[in-house]
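Protein chains in written order, with our numbering: chain A, 21 to 591; chain B, 6 to 301; chain C, 2 to 326.
Rather than coming from a laboratory, the hints here were simulated on the basis of the structure.
Please note: incorrect hints may appear among the correct ones.
Straight-line alpha carbon distances no greater than 16 Å define the calculated EDC-like cross-link-like pairs of lysine to aspartate or glutamate that follow [stated by the list, open to error]:
| # | chain 1 | residue 1 | chain 2 | residue 2 |
| --- | --- | --- | --- | --- |
| 1 | C | K314 | B | D192 |
| 2 | C | K85 | B | D174 |
| 3 | A | K422 | A | E481 |
| 4 | A | K260 | C | E30 |
| 5 | C | K231 | C | E247 |
| 6 | A | K342 | C | D33 |
| 7 | C | K310 | B | E113 |
| 8 | C | K167 | C | E198 |
| 9 | A | K507 | C | D48 |
| 10 | B | K224 | B | D192 |
| 11 | C | K167 | B | D258 |
| 12 | A | K258 | C | E130 |
| 13 | A | K258 | C | E30 |
| 14 | A | K260 | A | E221 |
| 15 | A | K141 | A | E84 |
| 16 | A | K539 | A | E481 |
| 17 | B | K210 | B | D192 |
| 18 | B | K17 | C | D37 |
| 19 | A | K539 | A | D555 |
Just so you have them, the derived chain C footprint on chain B, three or more residues with Cβ under 8 Å [as the list claims (entries may be wrong)]:
| # | segment |
| --- | --- |
| 20 | 109 to 121 |
| 21 | 211 to 218 |
Even for Gly, the Cβ is constructed at its ideal location relative to N, Cα and C.
Spelled out, the chains give:
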Amino acid sequence: MTTVHTYDVLVIGAGLAGMRSAIAAHEHGATVAVLTKVHPVRSHSNAAQGGINAALTDRGDKWEDHAFETVKGSDYLGDQDAVEILAQEAGNDIIALEHMGVIFNRNDEGRLGTRRFGGQKRARTFFVSDFTGQAMLHVLFEQILQANIPIYEEWFVTSIIKDDDGKCAGVVAFEIRTGRFALFKAKAVILAAGGLGRVYEPSTNALICTGDGMALAYRAGAPLMDMEMVQYHPTTLKGKGLLISEAARGEGAYLLNSDGERFMERYAPNMMELASRDVVSRAEQLEINEGRGVNGCVFLDCRHLGKAFINDRLRQINEEAKTFANIDLAEEPIPIRPGMHYQMGGIKTDVDGRCWDIQLHWKGVPGLFAAGETACVSLHGGNRLGANSLLDTVVFGRRAGKCAADYVKTVNAINVSEALVDIDHDLVTSILRRPSHEDTIAKIRLEMGQIMNRHLSVFREQEGMTNAQQVIHTLKHRWNTVGITDKGHVFNTGLVNTLELGFMLDCAETIIMGALTRKESRGAHFRTDYLDRNDDNWLKHILLYHSTNGAPDVDYLPVRITQWQPQPRVY
Amino acid sequence: MKYAFFPGCVSKGACPELYQSVMQVYPKIGIDLEEMTTAACTGAGVLQEKDPRLGDVINARTFALAEQQNLPIMTICSTCQGVMSQANHRMTTDGEYLAEINQILGEEGLAYRGTTNIRHFIWILLEDVGEDVLRRAITQPLTGLRAAPFYGCYLQRPTEALQFDQHPDRPKALERVIEILGAEVVDFPGKSRCCGFPILTINEKNSLNMVATHTMNAKSHGADIMVTPCPLCHLNLDGMQAKAGNQQNTAIDLPILHLPQLLGLAMDMDPKSLGFNRNFVSPHSTLQKLATVVSS
Amino acid sequence: MNTTLRIRRFNPEQKTPAPFFQEYNLELEASDSVLDGLIKVRETLDDSLALRCSCRGAICGSCGMRINGHAALACKTKIISATKDSQTIHVEPMNNMPVIKDLITDMSPFWEKIRQIQPWLQPSTPIPEAEHVAPAEAMNHLSGVMTCIMCGVCVSDCTVLEVDSKFVGPAALAKAYRFVADPRDDATTRRLTALNEPGGMWDCTRCMECIQVCPKGVGPMDRIMSLRAKGIDEQLPSTTGSRHAEVFTDIIKNKGILDEPMLAVRTFGFRNVRRLIGMIPIAIQSFRHKKIAPSGPLHRAIPGIDQIKRLFKRASVENHTFRNK
Chain A
21 MTTVHTYDVL VIGAGLAGMR SAIAAHEHGA TVAVLTKVHP VRSHSNAAQG GINAALTDRG
81 DKWEDHAFET VKGSDYLGDQ DAVEILAQEA GNDIIALEHM GVIFNRNDEG RLGTRRFGGQ
141 KRARTFFVSD FTGQAMLHVL FEQILQANIP IYEEWFVTSI IKDDDGKCAG VVAFEIRTGR
201 FALFKAKAVI LAAGGLGRVY EPSTNALICT GDGMALAYRA GAPLMDMEMV QYHPTTLKGK
261 GLLISEAARG EGAYLLNSDG ERFMERYAPN MMELASRDVV SRAEQLEINE GRGVNGCVFL
321 DCRHLGKAFI NDRLRQINEE AKTFANIDLA EEPIPIRPGM HYQMGGIKTD VDGRCWDIQL
381 HWKGVPGLFA AGETACVSLH GGNRLGANSL LDTVVFGRRA GKCAADYVKT VNAINVSEAL
441 VDIDHDLVTS ILRRPSHEDT IAKIRLEMGQ IMNRHLSVFR EQEGMTNAQQ VIHTLKHRWN
501 TVGITDKGHV FNTGLVNTLE LGFMLDCAET IIMGALTRKE SRGAHFRTDY LDRNDDNWLK
561 HILLYHSTNG APDVDYLPVR ITQWQPQPRV Y
Chain B
6 MKYAFFPGCV SKGACPELYQ SVMQVYPKIG IDLEEMTTAA CTGAGVLQEK DPRLGDVINA
66 RTFALAEQQN LPIMTICSTC QGVMSQANHR MTTDGEYLAE INQILGEEGL AYRGTTNIRH
126 FIWILLEDVG EDVLRRAITQ PLTGLRAAPF YGCYLQRPTE ALQFDQHPDR PKALERVIEI
186 LGAEVVDFPG KSRCCGFPIL TINEKNSLNM VATHTMNAKS HGADIMVTPC PLCHLNLDGM
246 QAKAGNQQNT AIDLPILHLP QLLGLAMDMD PKSLGFNRNF VSPHSTLQKL ATVVSS
Chain C
2 MNTTLRIRRF NPEQKTPAPF FQEYNLELEA SDSVLDGLIK VRETLDDSLA LRCSCRGAIC
62 GSCGMRINGH AALACKTKII SATKDSQTIH VEPMNNMPVI KDLITDMSPF WEKIRQIQPW
122 LQPSTPIPEA EHVAPAEAMN HLSGVMTCIM CGVCVSDCTV LEVDSKFVGP AALAKAYRFV
182 ADPRDDATTR RLTALNEPGG MWDCTRCMEC IQVCPKGVGP MDRIMSLRAK GIDEQLPSTT
242 GSRHAEVFTD IIKNKGILDE PMLAVRTFGF RNVRRLIGMI PIAIQSFRHK KIAPSGPLHR
302 AIPGIDQIKR LFKRASVENH TFRNK
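Generate coordinates for the entire structure from the input sequences, incorporating the hints supplied.
Now the structure itself:
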């Protein structure tokens, strides 16, 4: 007997986007459940340290300024209608978060205080010390508890199911603790499963960031968009690639090369260290490549900020520096380098989180929604501004939740066969039956991560990427035969990691395809064989569809431009 | 070596045998004590529940008095030590806070400069007296005695205030002293856990459960006795042991010695002069075991 | 450096499941974390080892486990510090919660207790249109508690939970403090009243294990003490615990030194005949063992008590802010 759970709206993932959408769907009258492979407060939204942007118009900021800087930051690949929504609605969402209990930093008058972040001329980043993501995540979890929304904690989704009309009808998932499968019937599924950082090695991302949402949607027939736009963060630690927040530079830290020179003067004389991330990362990599680094790193210098200030505003970052690099920021500059951090691309959605087009300009999956890093609205285009990702999760998480709650009122009860569970159950059984031998999922993942970091990083070119494409192709074959030692059903982490690796290989393939397709340099996608931005040919999005016979199918969508015509991008 | 001696309320009250035994022992190891008769109770963490800063003011006064005497402080109670260490840590790592405290003290003509060194008797044994002098004072090594250490929370945590980093002997000071005295250390999981005393009046069942857990555990690891540098632990582990045993339907019968009582035994002192008659759980069996070992 | 990880394993799917220790020998850098070591075991020696881990940066709270006898985050524990005494590192699942498999524990009792304290802001109404105006200092103070990542490490090593699974525990109490200390929250009295019940804030034994092991500097026990102080300030119905603190303070104020018999009698209350009768056997025993100081059972005030009294008065008029350092 198959266990069946039925809800109007099922949210996959319990980070900020997932929980925000669940609360919104609940408030709009839908029956909602959240299904997540880790406990909600373990989600990677935790890692967002620096803050959340908003132009609060009642204190003299203009939403248009925020929107323009976001569009400029995106290297004009962001859809401007979406960016306008983001900037216009940000203020209300910040206030809503405050009302829920987020302990945003205050100014002397007890009102919300701000700090400055990269790519922006004005301080409009609201924050909680330097653990803003964590402070928000825990508060949203509190709200989920208060609303009594059921959480399927430590459940793993194996596929999205569709009914005979091709509409999304729910998911198949198993409980990690028992290995038991169940069918979740839902009229709407919101994918909020986060990023894909582990496709790269190293990455700032947590080990759970394995592109599950993107791969699930892609396999179900929804398009992925702008997958080539992978952000390298300018300040990551050597080794495992842990992140040092942009808050450090926002609060005034310098970047120095091995000569002790503030080299950003040569790359972005106005914005200096606070130019867009793609610009700063490229500058750093050039300094390193031209011999002005030390052991593959340049330096982040906070010493002039003073001990007291660092303790007050950059406490966690300093803790992290002490623990993981053995450096006290108040006393020594810390070696940093660009490191893989964020996927600007993702599951194509409209401004309400729909993964299908109600005007039918592009193909998608009705009933499927996405929000957060999994999704691509597109806000961030070629490069995301710091402190826009938290904002993305709450604005578009809320919108997706509301839209899903409205949508489910228009569709009839779900009718799908319970036998769909058997397909995934059989796959898992076959994985468990494979003998374990010399090849391991760890080896495959490492090879994938390294080749991606070599050829799909700050600087890219045709030959390297083609090479990576071939390697991923081979790795996919190896994945089909790799076995694990644990044959059990209870908390089989090897099994979970195997399935995650399958998702990641799909993601890697689409990143490479997008990058090979886009023959220009824009935002984070910088090709040494196509040095310039080419608005005539490439001011457009790249859509990738899953095909059963090898490479992804490519399609294009125009960038939606409202009021800001593309200009040269100077910081 | 002279110390401003802070005996603590309990050694002057419910555990007179602790005061009695330390007074017997200290002259034998070349230290000198000047009792602080005007110093107040540390607050024992209880006063701090009601008003933490008030606790720091009272302790700053004690430290200031020691500064006037130009002497380091010696305590004989884990709790006194811990509470004082924490207070001192707060004040010496935060100049602004110390100034705030001194403003209150100032009106009494007192000031604390932050220089007082506060140490428990057991640390002084290892850090000042030293192993050699201590060994020379031992006339009756406790060979064959199996002793389980029980520290008391305040002598183990938080390690920062107790300066474990600068003093690597401190975390295992009790084991070290037991070895020097010639006895065998019985390691068991509860040695740095809580004795339960602070909740004795609040949740007696839990408190006695802790007593039973640790004493029975030490016994099952082969301990003849348990030794503690904390009189509050002693009050519970010794004073409440019979009741704790009743709660588990068993007689535990593990003698609990104060640290100076154990030292006195190794110095061949008369058990009565060490106040052994004041222990609830009779150490008679221990004394007999030692006597047998000595005569054989 | 050559390191041995001695890991307590448990497979519930074995015919007769029983925990056992398994040793893995491997080369690790001194600067590596214990988590790096465990991942290396899983990736190169034994892929069946089950553990939770995610962020590697002490922010997600997944990898709580006992390392050399004390609970810690594996990602925050360096090999160099874990091998100070021996090149073998003992790794076990957290305490005070059931083990599911290897290093993975069942945290549902933990979450149940978090839920028990109603962990959401209950602001007064009407809610302002813009943000609540709140003192910057109050929000900064709360950020010291909000850094809690709910890893369970404090709960694992809590000495009270070891003997009483009904105790609400350090993590939930710290979380409760986060709301009690929030100027925007309107449920302070209701929250404190609930925590005033048995199993609540007065059941903590102040052993400081939670302060010592907390990987985020939350200092759960300090928060519990602050809750108690607030409970006393709020003049909640008195409990043995609150009377104990009040009477203790009063005795120190008036005598400078503690009177144990007086403390007990006044804590239970002169009219609490049952508890007072309960004290008689101990009193008789004390008498029989001559556990009475030469000066008698009740102390005289110490010399200089007038100064103590004046300091009490002066210190408590001042503005109260508790320092955690």
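Check: For which of the previously enumerated hints does the structure constitute a violation, in increasing order of number?
Finding: 1, 3, 11, 12, 17 and 18
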